[in-house]
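Model the full structure from these sequences, guided by the hints.
Listed below, chain by chain, are the residues.
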Amino acid sequence: MRVGACAPQTDRIVAELDPVIHAAARLRITATLATLAADESIAFPRLQEMLDMTAGNLSTHLRKLEDASYVQIEKTHSGRMPVTYVALTVRGRRAFEDYTAALRAVLEPGA
Amino acid sequence: MAEDETAPAPSEMLALVRDQQRSVEGQRGRFVPLILLSWGIAWLLGFSALWLVDGPGAAFALPLEVAAAIFVGVLVAAGAVSVILGIRSSRGVRSGKDAAFVGTVYGQAWWIGSLAIFAIGRALVFNGMPEQLLNIFYPSAYVFFAGLMYVVGAALWRAVPMLVLGLWAIVVSVAAPFAGAPMHYLVFALAGGLGFLVGAAWTGWWSSRARRRVRPADGSNRG
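Quick note, the sequences are listed as chains S and P, same order. With my numbering, letter number 36 in the first sequence gets 36, and the count goes up by one each step, no holes. With my numbering, letter number 107 in the second sequence gets 107, and the count goes up by one each step, no holes.
Derived by calculation from the structure, the hints in this document are not laboratory data. Keep in mind it's a predicted model, so treat the numbers as computed, not measured. One or more of the hints may lead you astray.
Quick list of in silico lysine to aspartate or glutamate cross-link-like pairs, EDC-like style, CA-CA up to 16 Å [claimed, not checked]:
(1) P:Lys97 x S:Glu40
(2) S:Lys64 x S:Asp18
(3) P:Lys97 x S:Asp18
(4) S:Lys75 x S:Glu40
Simulated coverage check for chain S against chain P, where a stretch passes if three residues somewhere in it have a Cβ under 8 Å from a Cβ of chain P [as the list claims (entries may be wrong)]:
(5) 18 to 32
(6) 43 to 53
(7) 97 to 108
Note that beta-carbon positions come from the ideal geometry of N, C-alpha and C, so glycine has one too.
Rendered as structure tokens:
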């Protein structure tokens, strides 16, 4: 922990950070999905490309996010090709906003 | 892969969010410099061709038909580049009803406005304006309209380069007619064309910087 002297309150906030999002890979996935509009979704390969992750790695983390109901995964068809679309749920977007707000509260106390 | 449960300091996590979102913006906007480049070239060549019809005086004159063909040709080519790259940029993203509505209305506004300007020009002639003045009215009105559409687009998609370019086009559209015909074509070619080229360089620099940023220290990319 780099940030100044750790007030007990700061420690408490850090300890209470959402464990689903508080991991580098899932945070990047969530941050990327949060750039889409509320009713937009993104195809799995395009998301993979934006994150520069392997398909296996991305699937693993998406499953965890889906288990927490933070993302919605929809399997559909485009012509004969199966396509998987990923989107942040309302709950996921709120969790992301709460998470970044908590980080800012730790880093800029009183801001 | 190792279970990626690394949880670095809050400042690093916040930086990761910022860098990742900037990278996504850069990746989705990587087509913008090419679109601006194509419009810069189109304005430079198209309006220069119109100026060459009787701008240089007796020394040289490009036949009007040739100039008009070049003008229409480069504008159509730039339009095609915009449409193709625009579609490519949203590949993989399924838009919802809101974005689709905004996109459709904005897209249709381009040709509705263009037809309206054409009609207004003809109406002015119908009411006694010398046909010659269309040479002043049409380029100015169209450049003004395009500039305004850029400003509207900037507001819809929060794009600052688009706003700057739109305002610049409006300034050029208002200033150029005061240069008189055919000098105003040269103003459109240079001020307008170079404006787009500067915009292309600016957004190109920004997008190449933005999209290559995220390299998390924990190697979460490759599991």
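Do the hints match the structure? See the list:
1. P:Lys97 x S:Glu40: Holds. Lys97 (chain P) to Glu40 (chain S) sits at ~9 Å (cutoff 16 Å).
2. S:Lys64 x S:Asp18: holds (13 Å)
3. P:Lys97 x S:Asp18: violated (31 Å)
4. S:Lys75 x S:Glu40: Holds: Lys75 (chain S) and Glu40 (chain S) sit about 15 Å apart, inside 16 Å.
5. 18 to 32: holds (count 9)
6. 43 to 53: holds (count 9)
7. 97 to 108: holds (count 5)
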